[in-house]
Structures are given as C-alpha cells and as structure tokens.
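S.K.: Here is what each chain is made of, one letter per residue.
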Amino acid sequence: MGVSVLLPREWWKLSALWLLNLKDRTPRARRALVGHSVRIALVGLSCGLAALSLTLAIVSGFEWKLSEYVATTGGDMLHQNPWMNFEGLKARAALAPEEGVEGVEVFWAAPALVVGAEGGRGVTLEAARRYPSVRAFLDSDSTTSLTTESTIGVELGRALADTLKADVGSSLRLLVPGVMKGSLAAHVTAIRQLGIYDLESRWMKVDEAELRTLLKSKDPEAFANRPGDAHGLRYFLSETYHQPHSTRQLEAWQTSYREKLNAAEDTTLHEPLLKSWLEQRQNLFGSIGLDKLVLTVILGLLCLVAGLNVAAALVVLFLERDREIAVLRAVGLSRGQLLGWILIQGTLMGLASALGALVLARVFGVILQHLPIAELPSEVYNLSHIPLKFVWAEQLAVFAFGIAASLGLSFVLGTSLVKGSFLDTLRHRK
Amino acid sequence: MNSKILLEARALCKTYEQAGERVEVLKGIDLALPRGDFVALLGSSGSGKSTLLHCLGLLDTWDSGEVIFEGRPLSKLSEKEQARFRLEKLGFVFQFHHLIPELSAAENVALPASILGQDRSSRARELLDWVGLSHKLKSFPWQLSGGEQQRVALARALINDPVLLLTDEVTGNLDRARSKEILELLRRIHSELGTTILSVTHDEELAATYDRRIRLSEGRL
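Residue numbers (numbering that gives the first Met the number 0), protein chains in the order written: chain A, 0 to 429; chain F, 0 to 220.
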C-alpha cells in the first residue's frame, strides 16, 4: 500500500472549499477574516496581472500600428541599390518569391526644391510607382503619355503643405538639381498626414513613371547621363508578413529571395541589400522592445509583491486551521503532502487571479477606449486612440506568470510552514 | 520476540524545558501492550499520560529509550516513514474532534484514506452506519452534536483499518450519557473489529469499564 506523491482530487476540492469559504459550509464567524484576506490578496494579484496584461497590449498595439505603417509605406521588403536601370531592376524582381506578394514598387529619392506662391522649401522628393504584382512590373513598358507641357501631380506632407500654404489643386514649381536643369510645373493631388511633423515637413511624392517621362522629354541629354532609373524596389506582402511577434515567415521570404539572387549567373545581383520592414526601423522597434521589457519587469515585480500577499494569506489560512491540520498530520499526512496541499491552494489562487486578470484587462481595455485619456493627438501619432493588441502568446505568458508567481511564493513560504510542529497543537488546549 | 506483544515501550524518557527549567515528564517507562488489549491509561492532570500516548503514536519524540511496534524499533523511522506508519497502523481520536467543517461527515471519514490515494467512500458510509450515524452522512460537523462529532472522529480513525487505536480523553467534552455511548462504541470496536485500544483518561469510573488499567504518576507507571 503506497502513499501517493500527488494528492488526489478530494484535496483539490477541499482546497477550493477552503479558499471559497462558502457560508453554507463554514458558518462560523471566525472564518470571515481569512476569507476576506484571501479575497483581497486575489484581487490584488488580479489587478497587478491585469495591469501587466493591459500594458503589454498597449505597447503591442503601438508595435502593430507602427509595423503596419512601416510596411505599407516603406514596403515589407526593401531591395535597395545605387542608381540602376530598369533592366537591372527587372532582373532582380524576376527572382523574387511569388508567395505573399501583393504589390511591388519602383522608387528613387533625391533632394529637391519646391516653390509655391508663398515661397520655397528644400524637400526629399520621392518618386515611386506601384505595380499590383511582380508580373505586372516585368510586363510594364514604364512610359506615360505626359508631354513637356504637362504638369506633374505631387503628394505633400501636411506640414509641408502648410509651410507652402498649398492645398489640393495648388500649382507649384519643382526643381531637382543634379537630375535635371530648369524646373517642372506641378500641381498638388493629395495632402498626406504622416503623423510625424519632421517627416511631413519634408515629404513629397510623385509618380516615378510620370517624372521619368518628363525628365526624358525636358532634358534628354541629362537623362541619358544619369547612372540609372531608380534606387530600388519595395515589395508589399500580405498581412501575415508584417506581424511584430511572428517574423519567421518574413525571414523565410527574405532568405529565399537572397539565395536566389546570390545563385544568379549575373554577379551584380549577388550580395543584395535587403531590408525587411523590421530592419528598416530597427532602432525604433528596438527602443519599443526595450520599453516593453522595462515595463514588464517593473509590473512583474509588482505582481510578485501581490503574489507574496497571496502566499501570506495562504499561510494565515493554514495557521488558522492548525488543529485540523494537526489531526491530518496525526493520521498520516506527511510534510511533503502538506506542502503539496499548500501548493494546490497556491495553484488555485494563481489560477483564479490569472483568469480574473485576463478578464479585467479586457474590461479595462474596452473602458479605456471610451475615456478621453485614451485619445491621442492625431497630428503626432497618426492615431486617434491608444491602440490595443492582445497578443495571445503574451497574454498566455501573463497567465502562466500569475500561476508561477503564486505557486513559487507558496512553495517558498510553504516549505517554512510545514517545518512547524502542528502536532503541538494537539496537546491539552481548549 | 513475543508475537503477542503489539506495542512496547522500553525505558522511555522524555524531558521538557518549561520556564527555563527542565521537567522530567516520563522517567523510564516500561510498557507492553499485547495484541487485542483494551487498556485505560490513568493519571492525574500533568502526570504525563498524554505525552506517553503521543510518544507511542509517534506524534512526539523522546529523549531516550525505545518504542517497538510488532517487534520493530520506531526511533529510526524517517519523518515520511513515521507518517506512513501512522496512516497504515494507527488510529487516533482526540478530546477535540477537529473535523474539517467544509466536509460532510462521510467526506471527513474518508479523508485519511485519500492520503493513501484510495477512494473508500463506501467503507466510510459503512463505518458511519456502524457508529449509528447512517442518517447523518451528508451532515456537516457543525450540524452534529458533540457526541455525534466524536463518533464521526472515531469512524475517521477506523477508515484505514488500524491495528492500534489511541484515544486521548475522548469523553472529556461530553456529558456522562454521551461518554458512556462512546465507551460502548470503543468496546464494540475492540470486540467486533479486534482492534487493540489504548485510551488516556482521568475518569476513574469510565476507566473501570476497560479490561486493564495502567496508572501513571509523576512520570512512572
């Protein structure tokens, strides 16, 4: 007849009954204080874990929004080069994996000067044209019907438009020193709010094919002397490729593309400069990751303090039941089993707190979305509200941490508790 | 080794430190308890009878001497082995029943069996029936009278079929009529189940109903 190491389900039931302190089962008033202290400890740990869960959801929300922004503006994958001609670009694009590609963009950037009715300003001109697929780009002839008399449409950042006092439809002059002589007539087609003032104040975008056509017709000699047509390609991939917490698919795409380029007969394609959206803003994402880590550590420590309170409540609960435990020890409950029993209670309390925390975090999240405090100045953040993203892996980690904290601290205090001589309480005490 | 002897104490000594002074509670106790014995351990308050009972039941340690159970010395048992020994061989009933208030009478009785990983709920019901509480299986301890609570405690002590039942002032909190009922129950346990019983009591009249009486005075038998 062996003594089981793990206590059977009756003890889980008894543990739950002790913690619940149900009135119909324990009508004695002396239980009330312990019942309250257990409940307070549970609420404390739940709130701490909920704060951790919500904080992670907010930081993840910013991470996701940023990743979405970076991927939709800079592309999920940037294949950057010095100036090169269209044949070179097409040779590279032809080797891109087809999987997940939702668009490809040819782009180049150059310093430019834009002049409006109220004055001029130096800007970073970005010329880009997006094609719906790699095949569409490969099949394109990259010409437009624009003539030397045509004006080119430009998109401006909100801050730049304000500086130039330009609006949609306003006429501008565009100078691109080093690329063309003279100036081009332009008109504003759209004003974009980018959310970052400094970026907006210098951001200007034109259609690459239109600009190239105009440059070629205005100054054929200068155009012919250019080192190439563009700086590179941007690949826009499906949503699954720009998830901050799961970059494996993106890395696989990048690796596949890199391997194909390195295996090409044309050695100029070798050792390509490929940057994923994550690498394009590595410092920014790194700093967000660091913020997240610091907040997690601080809130994790707070949760440990709350967990200590849970373990202390558990110790009080056991000390208050010293005579009952003494009798159980007398009939054969070993110290190991008593510790096991304490750990069962620690697990149950951790489980209850963690479940409560996840529910609380969701409720707080919904409430937060409706509070003025959650509103963001859109001109700074390009977002109207604090973004929330409950990432299941993080929430699972919070859940597991809650249980582990309660269990671990119960173990630490429990090992001291079981060394106490409960059997002494059986001696002549009324 | 005499196989008729179930439990034996040899030159058992026990000293307490009390208010800076050493108090010798047990002064070389020699005791032999034959299998099937029904013994009352008598003594005045503070004579050391409960201490002796606790030492014999491995609830307390002793300074020198030995306790031998079924020919096996118990002083060398580890804490885990002691717990297992108590679980499998002994039954305890104390002056205060200390039942778990959240559990029903049947659940309280079955609890020690669950320490062994066994579900003995049907045996628990049988025992409660046997002690006359078949109608109180689902009652909680606070719904029972003092005598009923003590009978539940007795049933709990019997759940793992102990060889030796140790009781410590089990009638101390009961009136005369309830005390007699408990004693009759102990007598039935002894005669029908064949359990060896050692009961600590200070009540001479109740002790007179036992087969044998041992008197402890100032730490000596």
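Keep in mind that the hints are not guaranteed to be accurate.
In silico DMTMM-like cross-links for lysine to aspartate or glutamate, where the CA-CA straight-line distance does not exceed 20 angstroms [what the hints assert, rightly or not]:
| hint | chain 1 | residue 1 | chain 2 | residue 2 |
| --- | --- | --- | --- | --- |
| 1 | A | K217 | A | E278 |
| 2 | A | K89 | A | E9 |
| 3 | F | K79 | A | E117 |
| 4 | A | K89 | A | E278 |
| 5 | A | K291 | A | E393 |
| 6 | A | K418 | F | E168 |
| 7 | A | K164 | A | E117 |
| 8 | F | K137 | A | E9 |
| 9 | F | K26 | F | D36 |
| 10 | A | K274 | A | E9 |
| 11 | A | K418 | F | E78 |
| 12 | A | K12 | F | D118 |
| 13 | F | K75 | F | E65 |
| 14 | A | K291 | A | E278 |
| 15 | A | K180 | A | E148 |
| 16 | A | K12 | A | E319 |
| 17 | F | K179 | F | E168 |
| 18 | A | K418 | F | D59 |
FYI, nobody ran anything at the bench for these hints, they're computed from the structure.
S.K.: For this structure, which hints from the list above don't hold up?
M.R.: 1, 2, 3, 4, 6, 9 and 10
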